Amino acid sequence: MWRFLFIRITQSFVTILVAVCLIFLSIRFLPGNPVLVRFGQHPVPAKIEAEMAKQGWDKPMIVQLGKFLKELAQGDLGDSFERPGERITDQLKERVPATIELTFCALLLAIPLGILTGVAAAFWHTRWPDYAAMTLALIGVSVPVFFLGFLLMNIFSNMPTGQRLPAWIVLDFKTDFYLFESILTGNFSMAGLALKHICLPALALSTIPAAMISRITRSSMLEVLSADYLRTARAKGATFFRVVWGHALPNAAIPITNILGYQIGMLLTGAVLTETIFSWPGMGSYLFAAIEQRDYAIVQGGALMIATMFVFSNLLLDLCYLWLDPRLRVEEIS
Amino acid sequence: MRYYFQLRKQLNMQIRILTLCCLGAMLFTLGCGSPPAPTNTLIYGRGGDADGLDPTHTDIGESVKVIVNIFDKLVDYDEETLDLVPSLALSWETSDDGLVWTFDLREGVKFHDGTPFNAEAVAFTINRIIQPDHPHAYDNVIPFYPNYEGIESVTPIDEHTVQFKLKHPSATFISNMAMFPASIVSPTAVKIHKEHFARNPVGTGPFKFEHWKTDQQLVLAANDNHWRGRPTVDRVIFIPVKESAVRVKQLERGEIHIADNLPPSEVDELAKLPTIKIQETEGMNVGYMTMNMDKPPLDNLLVREAIWHAIDRDRLIDVAYSGHATKAVSMVPPTMWAHHSGLADREFDPEKSKQLLAEAERNAGVKLPIKLQLFVMAQPRPYMQRPRQTVVFIKDSLERVGFDIEIVTNDIRQHFFRMTQGEHQLGLAGWSADIPDPDNFLYTLLDLDNINDDGGNNLSRYRNEEMHDWLIAAKSELDVEKRKQLYLKAQESIFRDAPVLPLVHTKVRIAQRKELSGYKLHPSSMVRLRHSKITP
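Protein chains in written order, with this note's numbering: chain A, 95 to 428; chain B, 2 to 537.
What the hints contain is simulated information worked out from the structure, not anything from laboratory work.
Treat the hints loosely; a few may be bogus.
[Stated by the list, open to error] Computed beta-carbon distance windows for the label pairs:
# : chain 1 : residue 1 : chain 2 : residue 2 : range
1 : A       : S120      : B       : R363      : 45 to 55 Å
2 : A       : A147      : B       : K372      : 51 to 61 Å
3 : B       : V409      : A       : P238      : 17 to 27 Å
4 : A       : L111      : B       : S518      : 53 to 63 Å
5 : B       : K328      : A       : V112      : 49 to 59 Å
6 : B       : R254      : A       : D419      : 32 to 42 Å
7 : B       : S518      : A       : M155      : 49 to 59 Å
8 : B       : S518      : A       : L265      : 23 to 33 Å
[Stated by the list, open to error] Take a look, some chain A residues computed to stay more than 10 Å from chain B by CB distance:
#  : residue
9  : R97
10 : F123
11 : V131
12 : G160
13 : K164
14 : E176
15 : A226
16 : M247
17 : G256
18 : A391
Computed from a predicted model, the values in this text were never measured in an experiment.
Virtual Cβ for every residue (Gly too), placed ideally from N, Cα, C.
Construct all of the structure, not just a fragment, from the sequences and the given hints.
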């Protein structure tokens with residue numbers, strides 16, 4: 095068990111390091127130069143040279159990479175190129191909580207919804223609940239988020255159209271987890287506001303994961319439901335709850351956890367479209383803008399953050415497998 | 002079968018319980034009492050966020066909107082017109098040769114951090130722009146350096162008198178002093194915050210900077226001690242909302258008081274609502290198509306004329322601006338002095354276009370159809386409100402007369418960067434005036450000084466030695482009538498040689514809630530909010 099953990103964690107760090115180096119190099123091969131871009135329609139050649147030297151871009155790529163890794167080891171991600179004076183670590187401190195809260199709420203909707211519809215579809219296989227659930231799932235994966243966002247805004251016209259809190263609230267929180275922090279500190283009126291603001295974006299974001307989970311749940315439940323041990327359980331008069339939730343679902347859970355882990359990873363990297371429509375200040379829009387503007391520093395920092403989150407969510411998932419499937423534990427131990 | 006019935010019964014029960022729980026949770030959330038919204042806070046919704054709030058180091062419009070409310074300049078525009086009026090300077094005088102300007106400064110003014118405003122602060126501010134290695138300029142990007150490079154030195158004469166020496170007489174010097182980069186900054190704050198001054202700005206203006214969370218909110222508070230008197234609103238909050246359709250919704254619902262940079266058709270829709278007021282003013286801008294004269298066959302006048310005749314700009318205004326624009330013939334907008342109103346336009350005439358191309362084919366060996374790349378920006382600009390529609394319209398018009406157009410779309414900064422490098426053949430471009438002076442259009446956009454590979458704004462790479470002499474002469478000529486004659490001649494040359502096709506001059510329009518009063522859209526497009534008032 096511990097050996098397994100140790101190996102996985104070491105692997106994770108190597109993965110992150112390789113990913114960051116690859117990002118570092120690949121963004122520099124994109125056409126376009128961030129310094130010249132910043133000077134925009136007001137270029138001054140001497141100043142451009144000075145800026146290139148200041149950023150160290152007149153040096154060979156390998157030297158730049160070395161400098162970057164050294165600073166990284168010291169925990170310094172530097173300043174944004176595009177927005178002078180903006181520390182990237184400060185920005186990540188604001189962006190990551192926004193993304194985590196949104197992901198959390200989206201999953202809070204997606205997981206129960208996906209599993210319930212999936213189970214229902216499997217249970218009433220080829221009956222109307224099956225068709226209804228699968229139609230919903232198809233719509234869920236295929237409706238463009240842009241369209242869905244505006245649709246939701248129009249349907250729930252008394253709900254806020256975006257942002258994490260109403261614009262007139264001056265944000266003086268200790269952390270950037272507005273929702274979690276206000277619940278924990280017992281400021282329920284603020285939590286209510288935050289919850290109201292997160293509802294529509296979370297709903298828009300939850301459709302794709304919910305649909306995926308639903309489909310996977312259905313297919314793996316179908317396999318399990320016809321198994322002999324379930325017939326035995328039924329024959330012994332087990333209740334529905336015991337049959338489905340006690341026996342069938344845990345056995346069908348591995349593929350579901352698998353797709354869930356992937357979805358969490360995807361959601362944590364930020365949802366550009368949802369964030370754009372609902373003006374949600376998360377990782378997706380931050381990175382998207384940085385790539386557009388060739389803000390290497392942010393792209394590197396953001397990539398590092400995302401790689402870390404992705405790798406660790408996968409690590410957690412591996413642990414979940416161990417918990418869910420005793421056979422894996424035995425194999426690992428032996 | 003009975004087993005399944007039983008199961009379903011149980012399931013129904015569970016579903017009911019679950020539904021009840023969900024409903025309960027929803028009611029709890031919505032039932033929570035929310036803190037009351039403050040009544041005297043102005044909320045300004047816009048398309049993007051600022052990049053930094055140090056006046057020396059930015060040229061981004063969204064930053065400027067905030068900067069003009071935090072800082073004051075020595076001179077400023079009148080409330081409604083483009084006339085210059087005293088601000089932090091009470092008066093000023095020029096020496097006979099136009100080389101020395103002496104400003105008499107307002108006394109008793111303090112920066113938001115308590116630092117007294119004086120001649121030292123003025124010298125510090127300007128020196129940060131003009132001195133090559135100023136110890137307190139922390140960023141190499143000084144976008145408006147060219148506007149101030151004609152200043153040789155700034156000397157404090159006493160506490161409240163400051164003297165500027167110029168390298169040569171300049172007709173645009175005083176206009177430049179009214180522009181935002183010349184906003185006077187607190188030397189103390191710059192020295193404390195260093196490169197992070199861009200996120201902790203301190204000026205003397207009507208509003209104090211309070212806090213800023215990128216892409217969430219930027220908060221300014223009324224400056225109780227402003228020398229013009231305290232602004233009426235307590236706070237101004239700028240929020241970035243990328244999608245214009247969302248800004249429209251927020252305005253309709255009263256979540257924001259002002260929405261700017263909206264597509265014209267959305268503004269027309271909003272105008273029908275009883276709670277919304279639309280403000281508009283003639284913009285000092287031009288949207289145009291550049292034709293890179295370094296790339297054959299665009300070096301051929303016949304081809305450029307053919308392009309001009311092929312495009313119906315009146316229709317374009319309907320298609321891409323919902324009718325809210327004026328057809329351009331000269332690059333200088335009609336709101337500006339020295340606009341040439343006597344140029345006879347090359348009318349829309351596709352047949353003429355075809356003839357010109359045929360002639361070019363016969364005489365200059367141009368091969369038809371002419372394959373050209375047309376560059377376009379991905380994001381709208383005040384002068385190019387629907388770049389996509391505009392570019393498709395132009396492509397369609399040109400392909401009808403014998404061109405073969407390939408559209409190349411880029412992010413706005415990349416777009417201008419690639420065009421200043423001369424990578425394009427045709428390209429959509431535009432300019433909003435930095436200062437109300439024709440020099441800012443003609444010299445900046447079409448003079449041969451502004452062609453270079455580090456990026457220059459003469460995107461058409463138009464080289465006209467004779468016009469260059471006129472434009473240089475006009476720069477240092479202080480007699481307005483003589484300058485005007487020079488600029489009229491320059492506009493005639495440009496029209497004759499057609500290095501660019503001027504498309505439109507647009508109106509600047511904003512939509513606001515009716516409960517907001519006192520805010521007037523200024524012809525310079527500066528967003529000055531100090532007179533805003535909210536009546537609930």
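- Task: Quick one: work out the minimum CB distance from V131 (chain A) to chain B and report holds if it exceeds 10 Å, violated otherwise.
- Result: 5 Å, violated
- Was G160 (chain A) rightly flagged as not at the interface, with every chain B Cβ beyond 10 Å? 23 Å, holds
- Does the Cβ pair R254 (chain B), D419 (chain A) satisfy 32 to 42 Å? Distance hint for R254 (chain B), D419 (chain A) is violated at roughly 50 Å.
- Far enough from chain B: is every CB of that chain over 10 Å from the CB of F123 (chain A)? 15 Å, holds
- Task: For the range 49 to 59 Å, tell me whether the beta carbons of K328 (chain B) and V112 (chain A) fit it or not.
- Result: About 57 Å separates the Cβ atoms of K328 (chain B) and V112 (chain A), which means 49 to 59 Å holds.
- Task: Using the beta carbons of S120 (chain A) and R363 (chain B), state whether their distance is inside 45 to 55 Å or not.
- Result: 50 Å, holds
- Taking 10 Å as the cut and beta carbons as the points, is A226 (chain A) off the interface with chain B? At about 14 Å from chain B, A226 (chain A) clears the 10 Å cut-off, so the statement holds.
- 53 to 63 Å as the expected CB spacing between S518 (chain B) and L111 (chain A), which holds or is violated: About 59 Å separates the Cβ atoms of L111 (chain A) and S518 (chain B), which means 53 to 63 Å holds.
- Classify the label on A391 (chain A) as holds or violated, using whether its beta-carbon is more than 10 Å from each beta-carbon of chain B. 14 Å, holds
- Claimed clearance of chain B by R97 (chain A), with the beta carbon kept past 10 Å: Consistent with the label, R97 (chain A) stays out of reach of chain B, its closest Cβ about 42 Å off (over 10 Å).
- Task: Mind verifying the non-interface call on G256 (chain A)? Its CB should be farther than 10 Å from each CB in chain B.
- Result: Not fine: 6 Å to the nearest Cβ puts G256 (chain A) too close to chain B.
- Beyond 10 Å from every Cβ of chain B: is that where the Cβ of K164 (chain A) lies? 21 Å, holds
The structure fails to meet hints 2, 6, 11, 14, 16, 17 from the earlier list, while all remaining hints are met.
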